[in-house]
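Residues per chain, in single letters:
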Amino acid sequence: MNATKIDYKNIYYPPGGILIWIIIFLELLTFGMALVAFVHDGTKNYEVFHQSKLQLNATLGLINTAFLLTSGYFMAKAVHEFEAKNISKASLYLKITALGGILFIVVKCFEYSAKIEHGLTPEVNSFYMYYWLLTAFHLIHVVVGLVIILWTNYSMKKTNSDTAAEDLKTCGAFWHMCDLIWLLLFPVVYLIF
Amino acid sequence: MKLSKEYTFIALLTLTLISSIVTMKTSEGNTAIYSLLLILWAVKFILVAFDFMELKKANIFWKLSLSFVLTLILTIILLFL
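First to last, the sequence lines map onto chains A and B. Residues in the first sequence are numbered from 1 upward in steps of one, following the UniProt record's numbering. Residues in the second sequence are numbered from 1 upward in steps of one, following the UniProt record's numbering.
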């Protein structure tokens, strides 16, 4: 395990590394622009968006919010334990983080299957086009984050592992980015209109 | 870390609960409530970024940049509502 001290006050070294933060900003701007377009179209077709929103299950969305926030909390704890050189505890917290991600995916699949069953596909109207595009694109990020978490957990537990605290912070930053996107996406898509 | 992450986690869950109660009691098309709701979620966004992602330790440039992006997105959305 490498232990290098990084000065995070240096503009080039934000926690997790500058590259992951550039990715985070690009992702936030991409989702942000899509959400602005969603709200803009929603104000023009208020009745369509309102009726469509009533068909969404906000309770499932809230449950998913709780799963993501809980897994984000355990991700932060995993980074802390890794820095304190408690590798087994860090690994346990990473597994709980991954479990939160898996539960999110399970709930999302349940939600998607109900929508498909009722014929609420992207072709129905512009609300559902945005709904599928935004939530599915976010879901892809969660799946990628999950793969990164499981891979990091595997590599840090190897004997003579060269995993550094910064690697775990980068992994954590990606996972928290999924939280941040969901925190923008959920209220706009599920709650307003 | 002390208990900072625990407090943040409790605050995040509490804000989620408050926003769900607000949503259930919202009358249709109430822009003021929608605005309040978006601000509540923005607070959660800030808590995750600054505490869980440790942005509070970063250079002020990153703190201001993220706050700017969040404010920009929310302002445009609120202007359309």
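These are calculated hints, taken from the structure and not from any lab test. Mixed in with the good hints, there may be bad ones.
To be verified - Pairwise CB distance ranges, derived in the manner of DEER restraints:
| id | chain 1 | residue 1 | chain 2 | residue 2 | range |
| --- | --- | --- | --- | --- | --- |
| 1 | B | Ser-67 | A | Lys-5 | 45 to 55 angstroms |
| 2 | B | Asn-30 | A | Asn-86 | 28 to 38 angstroms |
| 3 | A | Leu-60 | B | Lys-57 | 26 to 36 angstroms |
| 4 | A | Ile-116 | B | Asn-30 | 29 to 39 angstroms |
| 5 | B | Leu-78 | A | Pro-122 | 40 to 50 angstroms |
| 6 | A | Glu-47 | B | Ser-35 | 19 to 29 angstroms |
| 7 | A | Lys-44 | B | Lys-25 | 37 to 47 angstroms |
| 8 | A | Met-129 | B | Ser-4 | 37 to 47 angstroms |
| 9 | B | Ser-4 | A | His-40 | 18 to 28 angstroms |
| 10 | B | Lys-25 | A | Lys-85 | 47 to 57 angstroms |
We put the CB at the ideal spot given by N, CA and C, even for glycine.
Going through the hints against the structure:
A hinted range of 45 to 55 angstroms for the beta carbons of B:Ser-67 and A:Lys-5 is inconsistent with their spacing of about 27 angstroms. Remark: the range hint 28 to 38 angstroms for B:Asn-30 to A:Asn-86 is contradicted by a beta-carbon distance near 48 angstroms. For the hinted restraint 26 to 36 angstroms between A:Leu-60 and B:Lys-57, the CB-CB distance of approximately 35 angstroms keeps it satisfied. Separation of A:Ile-116 from B:Asn-30 is about 32 angstroms and conforms to the stated range, judged on CB atoms against 29 to 39 angstroms.
Take B:Leu-78 and A:Pro-122: their Cβ atoms lie about 27 angstroms apart, and the range 40 to 50 angstroms is violated. Remark: the range hint 19 to 29 angstroms for A:Glu-47 to B:Ser-35 is upheld by a beta-carbon distance near 21 angstroms. Checked against the given bound of 37 to 47 angstroms, the beta carbons of A:Lys-44 and B:Lys-25, roughly 27 angstroms apart, lie outside it. At about 41 angstroms, the CB distance of A:Met-129 to B:Ser-4 agrees with the hint of 37 to 47 angstroms.
Against the hinted window of 18 to 28 angstroms, the Cβ-Cβ separation of B:Ser-4 and A:His-40 comes to about 38 angstroms, which falls outside the hint. At roughly 48 angstroms, the beta-carbon separation of B:Lys-25 and A:Lys-85 lies within the given 47 to 57 angstroms, and the hint holds.
The structure shown violates the earlier hints numbered 1, 2, 5, 7 and 9.
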